[in-house]
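In order, the protein sequence lines correspond to chains C and H.
Its first residue numbered 1, the first sequence is counted upward by one per residue in this note's numbering.
Its first residue numbered 343, the second sequence is counted upward by one per residue in this note's numbering.
The set of hints was computed from the structure by calculation and includes no laboratory data.
There's no promise every hint is true.
As the list claims (entries may be wrong) - With a cut-off of at most 35 Å between alpha-carbon atoms, the simulated DSBU-like pairs for lysine-lysine come out as follows:
#, chain 1, residue 1, chain 2, residue 2
1, C, 186, H, 1039
2, H, 771, C, 221
3, C, 278, H, 800
4, H, 660, C, 322
5, C, 186, H, 953
6, H, 362, C, 322
7, H, 660, C, 156
8, C, 247, H, 722
9, H, 771, C, 278
10, C, 272, H, 771
11, H, 1039, C, 156
12, C, 322, H, 927
13, H, 927, C, 245
14, C, 156, H, 362
15, C, 268, H, 362
16, H, 800, C, 221
17, C, 245, H, 771
18, H, 830, C, 221
19, H, 374, C, 278
Now for the letters of each chain:
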Amino acid sequence: MSGIEEKLREIQEQAAEEIRRADGMDRLNEIRVSVLGKKGSLTSVLKSMKDVAAEDRPKVGKWVNDARAGIEQLMEETRMRIEEESMNLRLRSETVDVTLPARTPRRGHRHPNTIALEEVERIFIGMGYEVLEGPEIEYDEYNFTKLNIPANHPAKDEQDTFYITDEILLRTQTSPVQARIMEQGKLPIRMIAPGRVFRSDEVDATHSPSFHQIEGLVIDKGITLADLKGTLDVFARELFGPDTKTKFRPHHFPFTEPSAEMDVSCFKCGGKGCRFCKGEGWIEILGCGMVHPHVLEMCGLDPNEYGGFAFGVGLERIALLKYEIDDMRLLYDNDIRFLNQF
Amino acid sequence: MNTSLSWIKAYVPDLDVTPKQYMDAMTLSGTKVEGYTELDKCLDKIVVGEVLTCEEHPDSDHLHVCTVNVGAEEPLQIVCGAPNVKAGIKVPVVLEGGRVAGTHSGGSSEDGIQIKAGKVRGIESRGMICSIDELGSSSEFYPEAASDGIYIFPDDAEVGADAVELLGLHDAVFEYEITSNRVDCYSAIGIAREAAATFGCDFHEPEIRETGNDEKAEDYISVDVLDEELCPRFTARVVKNVKIGPSPRWMQRRLASNGIRPINNIVDITNYIMEEYGQPMHAYDYDTIAGHKIVVRRAEEGETFITLDGQEHTLDNKMLMICDGEKPVGIAGVMGGENSMITDQVKTVLFEAANFDGTNIRLTSKRLGHQTDASQKFDKGLDPNTAMLAMNRACELMEEFGAGEVVGGAVDVYPSVRKPVEVPFEPDKINELLGTDIPEDQMIAYFEKVDLSYDASKRAVIVPTWRQDVLRTCDLAEEVARFYGYDKIPTTLPSGAATAGGLTYEMRIEGIARDTAEECGFSQAYCYSFESPKVFDRLLLAEDAPERKAIEIRNPLGPDYSIMRTTPLGGILTSLSTNFNRRNKAVRLYEMGNVYLADSFPLTSLPDERKKLTLGMYGEGDFFDMKGVVELFFDRTGISVKPEYRTDAPRPYFHPGRQAKIFLGDHEAGEIGEIHPKVMKQYGIGERCYIAVLDLKTITPLTSFDRKYTGIAKYPAVSRDISMIVPKTVTHAEIEAMIEQRGGRILEDCRLFDIYEGAPIQPGFKSMAYSLTFRHHDKTLEDAEIQSAMKKILNGLNSLGIELRS
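Please work from the sequences and hints to get the whole structure.
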């Protein structure tokens, strides 16, 4: 009987020695089979139980089980150690050069005009303005007459209009949308109307026969020139930065009275004067004014009750200024080396 | 319009400002100054010198060595190359260290050129004798100056005096941008009135002396105006015993500031009056006026007339003519005739200062293609009350200059006199409009600054006739605002009820279109709405193709921009071509813009403007990549109906076997295809190029953002793959439709996962493999159910001539 105990100790010690020396999971499994398998050394001890006296069997059985538990625990610990080591080895081998170039999805780019437009839309939508559109091919009546520019008015010449017929033309401004919206009579009105306009200008670095404007119109009771100044002041600061200052100069538009042109302080030099603003410190941005009472009347509104302001800003002008594009033709070339910069 | 500062100061003597201050303040009060030039900017240390001796340079055949007295103790030795230099003349001399605007060799710089002492061919020279060009002007504006040589002062010029002062060059010239409503400011007097008001100085309008001898103008000339509408006023005076000569220096300088060349006293006076009062005048040689009679009438259709510049014009019956007893002598408001022009032999001059209908003058000069300084003044619509003032001012100057004997009286045909307008004064309304709280008397003070007088008894503002822009309260408000200062008006935000704001639904869909295109690698292009009519041939469109019915622009920039596009293809192909020519690789562009479709011509109502999303690419990707972009857009906009690709009506600009019209239900939503090689050649694109065009106006109503959760399937799906041999003519769409129809409700999905042509598949056939997924909504499917569905499907496919692959 003590021989069995001796044998068990031998098996256990030998197994422990082999497990310690095991260098991988394969070897560990071999050991498992050779010790704990059907023909394993420990199993063969169990098989020899039939030779043990019946009263000793419980005791021997416990020895065998203790030996097995001891070996199994050692094997489990070793397995965990081997796995940890092999994982560490793999992780070490998988190290990458994190400075290699990134792989980004190849996205397209939005046109700077659209980026500028979306910026303007964001600002005015935040102030409760609707964004609306009108036709690009327009009646003379909306483009001129209802804007206080009657037949033979010199302003019609100044704008170099493309005509289709005597009555139908390519709109020279987005202002006809004002008349269309006022005529609908849904008050109050707070809207901007972006869109394409056309003037008979030859293509060069600063001119294009087709460009874009954004019209603005507010109609309500008790609207003042001060409201116009305040609104455009907010617009300028949102668009060009919080330190932007505005300057309003008297001007003339047939459809507003009083009228003004608005300059913003040069966002490049802060108003000190630089090449960008031609030393002026100011950059002309837009035209605006209080809607002329005759325009209100022609659009079916009572100027004694309602009034408002309007403004118009060139989209390309904003895009050229904001993104420092020096040639308007780039906007219509559609060269991807240009577009990819936005 | 330009004026010099000294000219304005002639009417506003107290004005004491720098050019910069003047520009800024005038701009802020509404008379925009675009810029200014300081005439003496480049001139420094230039004095009157007297040439004492003038010897030939020993070492040159054209240089002279002069000694010049410049008022210093010692005369200066100066080498001078001018042909007209000689002893005894008085000349402008720039001293050592001084500056001039240019040199003999034509060089110039922004700040002038500094003159240093030095040797000219071995002879010391301490300064320079200047020509008028070196002083920054030209003999055009100084008619007395030699065009080739140094400037010579009159003998009475004081040696050592400031030569720049003597030449009237210590001055600044302003360029104004006058708005079309301020007709009065197209004159020096109008601007001076504004300047006086802006700077709070007194305004001194010229006081015109009465002129004329004992004779009567009406004994010399009679005037008959046959068209009072086009000629509301005609005034005439006569000057006899005319002596042609130069006009005085001050007048020449003022004309020069406006870029007008001095000619002689009579021409200069008429030009000067035009700039001073804004009233064009005309001077006729009285002795050429037949019958000593002026008749103002419309031209006869087709009548021809030669103006004093020698050009012949053909007239029409809307144009107004000035005639004498026999013949036309001038086109009213545009230009006088050759037959009655002033020559050096003139003895008696007939002056005309008339008022013509501005619109008519503008249209006349436009039709004649002949714009003159006069027509440009008249076409603004002048105040008829200025005509007589201008006439009398001209006669006063004639007398003052000793240019002739003014005949007494004037002929004045002025049947309906224009009277000042009264505008009710409503200070509360003005403050309400401006958002200010300006006291009433302050407003009145602003008005009076610009001669808008206040009549307390009528509680009205009396607007002088030269101010045609002040008609209503809002116009008075502008006067208040500009003198109160736009900068002092507060900044507030509109009160009133809040409004929601936002984009229209169409704009949201456009936004998704942009996002989708960009996500797929397409960059946004902007193309013109104009097209060339050649585009249709380039796109191989048939003679009767609907696209050819394009709206034509009556006055296009040129043939390439002469129609409004009916298809967006030209624009995107041109842009792709630009990129291809610039060797940009793998280009993807999209554009969103309108095409313009008309029902009938000529246009009587507005055309249908249809917004198109156009996608174009070359270099990477094929037809099915493009199709993927289209379907991603449909998916993003919640279009539930399955797009159908029809090939029954091929378009000529696409590859005949690689194109389709895209239908959403019955709606034609767009088209997609590979560009035909012939079209690619037309546009010079050397790589396969794919285009898709979507009509957003059709698609938008089919979009939806309603989403309802339907639950995640609880029961397992079963999939079956089938691999088959398909006749080449059978399309995927047909197979898919058959599978879907036969598969019934338990068929969840049907997906093509392999397609192959070529050996070992027989010619005329292709191998296709589909993966089918079955699932029941509320139970686990039994094998028998799937077997039955598969059997139906396979039978159906069989009917299409499809065999299962063994």
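Here is how each hint holds up against the structure:
About 25 Å separates the Cα atoms of residue 186 of chain C and residue 1039 of chain H, which keeps this hinted pair within 35 Å; it holds. Between residue 771 of chain H and residue 221 of chain C the CA atoms are separated by roughly 13 Å; this keeps the pair inside 35 Å, and the hint holds. Taking the CA atoms of residue 278 of chain C and residue 800 of chain H, the gap is near 50 Å; set against the 35 Å cutoff, the hint is violated. For the hint pairing residue 660 of chain H with residue 322 of chain C, the CA-to-CA distance comes to about 50 Å; that exceeds 35 Å, so the pair is violated.
Using a Cα cut-off of 35 Å, the hinted pair residue 186 of chain C and residue 953 of chain H holds, with the two alpha carbons roughly 26 Å apart. For the hint pairing residue 362 of chain H with residue 322 of chain C, the CA-to-CA distance comes to about 28 Å; that is within 35 Å, so the pair holds. Taking the CA atoms of residue 660 of chain H and residue 156 of chain C, the gap is near 20 Å; set against the 35 Å cutoff, the hint holds. Annotation: proposed proximity of residue 247 of chain C to residue 722 of chain H holds, straight-line Cα distance about 29 Å (limit 35 Å).
The hinted pair formed by residue 771 of chain H and residue 278 of chain C fails the criterion: a straight-line CA distance of about 40 Å is larger than 35 Å. Only pairs whose Cα atoms come within 35 Å are accepted, and residue 272 of chain C paired with residue 771 of chain H is rejected, the gap being roughly 39 Å. For the hint pairing residue 1039 of chain H with residue 156 of chain C, the CA-to-CA distance comes to about 32 Å; that is within 35 Å, so the pair holds. With a C-alpha separation of about 28 Å, the suggested pairing of residue 322 of chain C with residue 927 of chain H holds against the 35 Å cut-off.
Between residue 927 of chain H and residue 245 of chain C, the direct Cα distance comes to roughly 44 Å. Violation of the 35 Å bound is thereby established for this hinted pair. Taking the CA atoms of residue 156 of chain C and residue 362 of chain H, the gap is about 33 Å. The hint holds against a cut of 35 Å. Between residue 268 of chain C and residue 362 of chain H the CA atoms are separated by roughly 22 Å; this keeps the pair inside 35 Å, and the hint holds. Among the hinted pairs, residue 800 of chain H with residue 221 of chain C is consistent with the structure: their alpha-carbon atoms are about 29 Å apart, no more than 35 Å.
Distance check on the hinted pair: residue 245 of chain C and residue 771 of chain H sit about 29 Å apart at the alpha-carbon level, within 35 Å; holds. The suggested pairing of residue 830 of chain H with residue 221 of chain C holds, with an alpha-carbon distance near 23 Å, which does not exceed 35 Å. As the CA atoms of residue 374 of chain H and residue 278 of chain C are separated by approximately 17 Å, the hinted pair is consistent with the 35 Å bound.
Consistency note: the structure conflicts with the earlier hints numbered 3, 4, 9, 10, 13.
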